[in-house]
Structure formats: C-alpha cells, structure tokens
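Engineer: As you go down the protein sequences, you meet chains F and W in turn.
Going by the working numbering, the first sequence opens with residue 1, and the numbers climb by one from there.
Going by the working numbering, the second sequence opens with residue 1, and the numbers climb by one from there.
Hints were generated in silico from the structure; no laboratory data involved.
Careful: at least some of the hints might be erroneous.
Which copy is meant is left open, so a pair is good if it fits within one copy or across any two.
What the hints assert, rightly or not - Pairs of lysine to aspartate or glutamate, DMTMM-like flavour, derived with a Cα cap of 25 Å:
1. Lys59 to Glu70
2. Lys152 to Glu180
3. Lys117 to Glu99
4. Lys59 to Asp118
5. Lys59 to Asp104
6. Lys49 to Glu34
7. Lys49 to Asp80
8. Lys126 to Glu180
9. Lys127 to Glu65
10. Lys15 to Asp104
11. Lys43 to Glu149
12. Lys152 to Glu82
As the structure is a prediction and not an experimental result, all values here were calculated from the model.
Number of protein chains: 2
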Amino acid sequence: MSEQPVTLGRPKDEKTSVDILAATLQLVRLHGYEAVSITAIAKQAGVAKQTIYNRWSTKADLVLEAVFKETGRIAAAVPDDEQTSCQQQLSLFLCNVFEHLSYDARVLAALIAAAQKDEAFREAFKKGFVKPREAMLIDILNRAQQRGELSKHRDVSILSAFVHGAFWYALLQGDALNSELAQSLAAEIFWQG
Amino acid sequence: MSEQPVTLGRPKDEKTSVDILAATLQLVRLHGYEAVSITAIAKQAGVAKQTIYNRWSTKADLVLEAVFKETGRIAAAVPDDEQTSCQQQLSLFLCNVFEHLSYDARVLAALIAAAQKDEAFREAFKKGFVKPREAMLIDILNRAQQRGELSKHRDVSILSAFVHGAFWYALLQGDALNSELAQSLAAEIFWQG
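Starting from the given sequences, assemble the full structure and let the hints guide the process.
Structural biologist: In structure tokens form, the structure reads like this:
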C-alpha cells in the first residue's frame with residue numbers, strides 16, 4: 001500500500017479559481033460592481049482574461065459566485081439549538097446577515113440593480129442567493145410552529161417575505177441594518193397578543 | 001366689472017409639461033427606463049430638447065415626476081371609512097398599488113435599480129415616492145390602533161417596512177403582485193391569536 005496521498009480534483013486549477021474569486025470580491029468592494037472589469041480582475045489575480053472566461057461566462061456570474069461564497073461563510077443557517085427560542089434564532093440569523101451587509105451592502109444592492117436589467121441574471125440570483133436564504137428562514141419558522149412558539153395558522157411564506165422584504169427595503173434605501181433592527185423584526189414576527 | 005376670466009399661471013407652458021410627462025411615461029413603458037433618451041422624449045412630445053432641459057435636469061428627474069403623477073392618480077391614500085375595517089383598508093390600498101404595478105412594475109424596478117447608482121437620485125426617490133407611500137400605510141395602521149383593531153404594543157414602523165418590503169421583494173424578483181397577495185399581507189399584519 002502506498003503512503004502517497006491520492007490527488008483529488010485539480011488543486012492547481014482550484015487555487016486559480018480561489019484567487020480569481022478573492023480578487024473579484026476585493027475589487028468589487030473597493031470600486032463597486034459597475035466600475036469593475038474582467039480586465040482589472042485578471043490583472044489583480046495575475047491571470048489571463050481567457051482563464052477567467054474559461055470558468056465564468058460573464059462578470060455578473062463571477063461576481064455572483066464570489067458574493068455567494070462570502071455570504072455562505074458568514075450568514076449560514078442557524079443550527080437548531082433547543083436552548084434557544086426560535087425568536088432568538090431568527091434574530092441571530094438576521095444579525096449574521098446584517099454583519100455581512102455591513103461591508104457588502106453596496107455590492108448586494110448593485111447585484112439587485114443588475115438583476116432588473118437581465119432576466120437570466122435575475123433567475124441566477126434568485127436560485128443561488130435568494131432561495132437558499134429564504135429556505136433558512138422558513139426552516140426557523142417551521143421549527144417555531146412545531147415547537148408551539150408560532151401559531152400553526154400563520155402563513156410562513158408571507159412572514160418570510162416580510163422579513164426578507166424589510167431588510168431589502170432598508171438596504172435599497174441606504175438605511176442602517178443593525179442588531180436593533182434584527183431584534184425588532186424578530187419581535188414583530190413572533191408577537192403574541 | 002369685467003366678465004373676462006382672470007388668467008392664472010401659464011397654461012401654454014403647463015400643457016407643454018403635461019405633454020412631455022405623457023410622452024415620457026409612454027416611452028418608458030414601451031422601451032424601459034434604460035433605453036429611453038431625452039432625444040426620443042423630445043421627438044415624441046414634439047418639443048426641442050432644450051425645452052425639456054429647461055424644466056428637468058436629468059432623465060431620472062423627468063421619469064420620476066412622470067411616474068409620481070401616475071402613482072398619485074392610481075394608488076392614492078385610502079379614505080377613512082368607518083364601515084370598512086382597517087385590515088380591509090390596507091388590502092384595498094395594496095390592491096390599488098398592485099394595479100398600478102401591473103403595468104408599471106418594470107418601470108418602478110428600473111427606477112429602484114437606478115437609485116442604487118446615484119445617491120442624490122436615491123434621496124429624490126425616497127422623498128418623492130417612498131415616504132409618501134409609507135405615510136399612507138402608517139396612517140392606516142395608526143387608525144387601526146386608535147380603533148382597537150391593532151394592538152397599541154405593535155411597532156407600526158416595522159409593520160410598514162414588512163408590507164412595503166414584501167412587495168418590493170416580489171417586484172424585484174419579478175413575482176406576481178395581485179389581490180391574493182394584497183389580502184394575505186393584510187391578514188398577516190392584522191393576525192390575532
């Protein structure tokens with residue numbers, strides 16, 4: 001039996017992709033979505049433009065993947081913890097999302113804007129970004145209904161639209177997204193007379 | 001005493017403005033916000049470009065005013081009617097807004113997108129469009145609290161953000177805005193255990 005590790009995938013190619021994604025996020029944060037070009041990203045990552053076009057069809061696809069990875073890292077699903085009420089879980093989830101948005105708010109707003117001009121991009125954005133985050137929130141609300149912390153008669157999809165909508169609304173108007181807002185949103189969703 | 005009517009304002013100038021606004025709305029609906037130029041609007045309205053620039057600084061300002069006037073006409077405040085519950089008033093208000101959006105959804109989405117690139121435009125959009133509509137909704141919710149149809153302990157500004165946010169969220173994702181959604185949103189806002 002050999003002690004040599006089995007080589008899985010294509011590590012050199014993977015490192016190139018990681019470098020390109022990191023360069024993309026860095027430049028988009030510095031200059032905004034509109035101002036960044038594939039040329040500038042290639043230069044920053046130290047690769048040929050064709051290397052980028054071999055992996056992503058458009059700047060939008062590349063920026064979407066860079067932002068998705070970052071969002072997945074910071075604003076991941078909240079684990080189900082029996083000691084934590086679902087209202088607190090929702091508040092925590094929103095605090096995580098808002099922490100990401102504290103430095104990527106303009107990036108995300110520019111992606112939402114770009115999605116208004118291009119239906120294919122809007123669908124990609126919905127599938128890769130919007131729907132996974134909706135699923136995380138609906139998980140919390142379903143759990144709350146199972147635990148008896150939220151009435152079974154409430155419409156979970158509408159409550160999810162309330163929460164996501166309220167922070168998109170604030171984001172797109174340049175309003176503050178902070179832990180106070182996270183707590184207020186969670187409190188109104190779980191309000192009981 | 002003369003029987004001659006007193007001439008108020010500058011009717012000829014006013015008609016020119018009305019014509020320009022009508023041409024703007026017509027072209028923006030046909031071709032979308034991005035594709036329309038001041039040149040095309042001037043041609044459609046039968047005026048010189050300078051006539052437009054004498055009245056509006058930018059295409060964005062002109063389109064905003066055209067859309068504000070249309071929104072004000074269709075999605076105006078709901079009158080306070082004691083026979084109608086505040087939940088029904090909210091539902092009716094949203095049906096009016098959604099009726100306007102049934103043909104101007106892409107125009108509004110493009111304006112929200114344009115506001116992401118230009119802070120001055122975002123402030124103009126907030127002041128002229130967003131805030132007046134928030135005030136109408138908050139009026140309904142305050143009225144509901146006075147009537148005892150909504151608990152005085154609820155945070156009216158968060159509930160307003162829920163409603164506006166939910167339909168912006170649907171609008172920006174190209175989802176349907178219809179009377180069913182209007183009723184569901186109103187039902188969840190006024191939900192009582």
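Engineer: Return the numbers of the hints above that this structure violates; sort them in rising order.
Structural biologist: 7 and 11
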